[in-house]
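Colleague: Next come the chains, spelled out residue by residue.
Protein chains: 2
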Amino acid sequence: MEQYFVNKKIDSNEFNLDDKEQFKHIITVLRHKIGDTIFLVDTENDLFKATLESIEDKNAIFNVEKSNLPTTELPVEVTIACSLSKKDKIEWITQKATELGANKIIFFNSRYSIMTWKDNVVEKKLDRLREIAKNAAQQSKRLIIPEVKFLKKFSQLNDLNVNVKLVAYEESAKHGETSALANALSNNQNGSIVGVFGPEGGFSPDEISELTQNGYQSIGLGPRILRAETAPMYLLSVISYKYELRMNEE
Amino acid sequence: MEQYFVNKKIDSNEFNLDDKEQFKHIITVLRHKIGDTIFLVDTENDLFKATLESIEDKNAIFNVEKSNLPTTELPVEVTIACSLSKKDKIEWITQKATELGANKIIFFNSRYSIMTWKDNVVEKKLDRLREIAKNAAQQSKRLIIPEVKFLKKFSQLNDLNVNVKLVAYEESAKHGETSALANALSNNQNGSIVGVFGPEGGFSPDEISELTQNGYQSIGLGPRILRAETAPMYLLSVISYKYELRMNEE
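Residue numbers (the numbering used here), protein chains in the order written: chain A, 545 to 794; chain B, 545 to 794.
If you are wondering where the hints come from, they were derived from the structure by calculation, not from laboratory data. Everything hinted at is true.
Where chain A lies over chain B, by a calculated footprint (3+ residues, C-beta under 8 angstroms):
no. : region
1   : 606-616
2   : 642-651
3   : 678-688
4   : 722-735
5   : 764-778
Once the Cα atoms are required to be at most 35 angstroms apart in a straight line, the calculated DSBU-like pairs of lysine-lysine come out as:
no. : chain 1 : residue 1 : chain 2 : residue 2
6   : B       : LYS669    : A       : LYS633
7   : B       : LYS685    : A       : LYS696
8   : A       : LYS669    : B       : LYS633
Glycine included, C-beta positions come from ideal geometry on N, C-alpha and C.
Build out the structure end to end from the sequences listed, making use of the hints.
Modeller: Okay, structure coming up:
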């Protein structure tokens with residue numbers, strides 16, 4: 545069943561969907577009929593089962609009931625921070641990181657990034673990525689839309705207020721580093737986590753030491769060289785496995 | 545340093561690279577000079593450090609030495625089997641599954657696949673995917689190129705000779721199934737694993753029961769609805785974490 549984020553708080557058992565875009569999509573395009581049921585997430589991130597009751601010109605009136613489905617949000621807040629890259633890769637990272645449960649998605653400039661964003665395009669670029677995140681959040685049935693941000697200065701990565709700071713470093717993997725990630729996750733109960741990922745060209749040694757001097761642990765993600773867009777998916781998948789799936793204790 | 549798969553066994557300390565395509569790429573395009581070093585993987589999946597010794601018309605003579613770098617192959621053989629989907633998704637799955645260590649990549653027809661391959665295009669499609677797998681294997685520094693196959697009949701999935709058979713089933717996730725994957729991996733030392741993934745429309749109940757009657761366990765991959773191309777990446781990432789990364793025992 546489809547799910548939509550509405551930009552109001554739902555505080556009664558009736559909801560009037562009057563957003564032009566959403567009305568058009570749900571009623572005109574998908575042709576939902578009286579009695580059809582969809583899911584709505586309100587501005588408090590609460591999930592509601594919504595049954596179409598009536599359509600009055602451009603208003604769709606739904607009968608809503610708070611859902612008791614289990615949450616689809618990771619028990620830990622995860623931020624994915626990636627060096628700027630080509631448009632399609634950035635959009636892809638945004639979509640996949642959202643599907644895989646990221647709470648915040650950050651792009652930043654780094655020495656070997658193949659591109660940067662001029663000040664005058666940043667908001668336009670972010671708006672596009674936020675739309676992608678919203679759609680991916682609806683499709684994957686998230687309760688929140690990840691925040692998408694851009695850091696102009698690499699050093700802003702040092703100021704992130706997060707419990708566990710990880711940086712994926714190719715050299716770690718090359719030198720057969722195999723325990724840093726497992727140790728970091730095992731020592732973390734429900735603290736927030738940030739994973740920082742470099743460009744195709746990798747981080748400069750200076751950048752790595754700046755990060756490690758600011759509380760980042762460098763981690764390997766296995767022996768294969770992962771592309772810049774693959775590494776964050778690896779980390780998010782592992783975090784989901786670690787915190788959402790567990791062995792049956794019986 | 546780049547790596548290339550050569551189609552000969554390297555059995556002396558000299559190797560004559562005379563493959564037209566590779567010669568063109570390495571010597572003409574990348575302009576490697578005498579003394580430059582690259583990596584070569586031979587038909588025995590052995591890795592060699594190769595130093596360019598001389599160039600004689602269309603032959604590049606390398607001095608080769610067996611590398612002692614740690615393996616980049618997963619300790620367990622993993623097959624990823626995905627329902628047919630759009631060209632770009634299939635190509636993307638092939639590239640990412642290769643980066644993440646899959647040993648074999650299979651595409652198959654299923655009830656709700658949005659498309660199928662006519663008999664007369666199968667080989668052409670597979671050749672394209674094999675090229676993608678080869679390039680991804682070189683880029684991620686694999687020692688093998690995953691085999692890419694197509695199963696015309698869904699029932700051929702029952703005949704796969706694999707120790708641990710898993711099928712990702714959305715319904716498992718929806719019903720909060722959280723232990724099947726962890727249990728399956730924890731009970732498996734180094735047996736081969738296959739993960740089967742349905743189309744966007746999901747498997748039909750018949751298909752799921754056919755698989756489970758043939759030794760497949762249905763697993764959930766967390767509470768979020770993953771797209772058809774994201775689920776296999778999740779499984780491969782988790783398998784790498786489980787078998788290649790471990791906590792420091794100290």
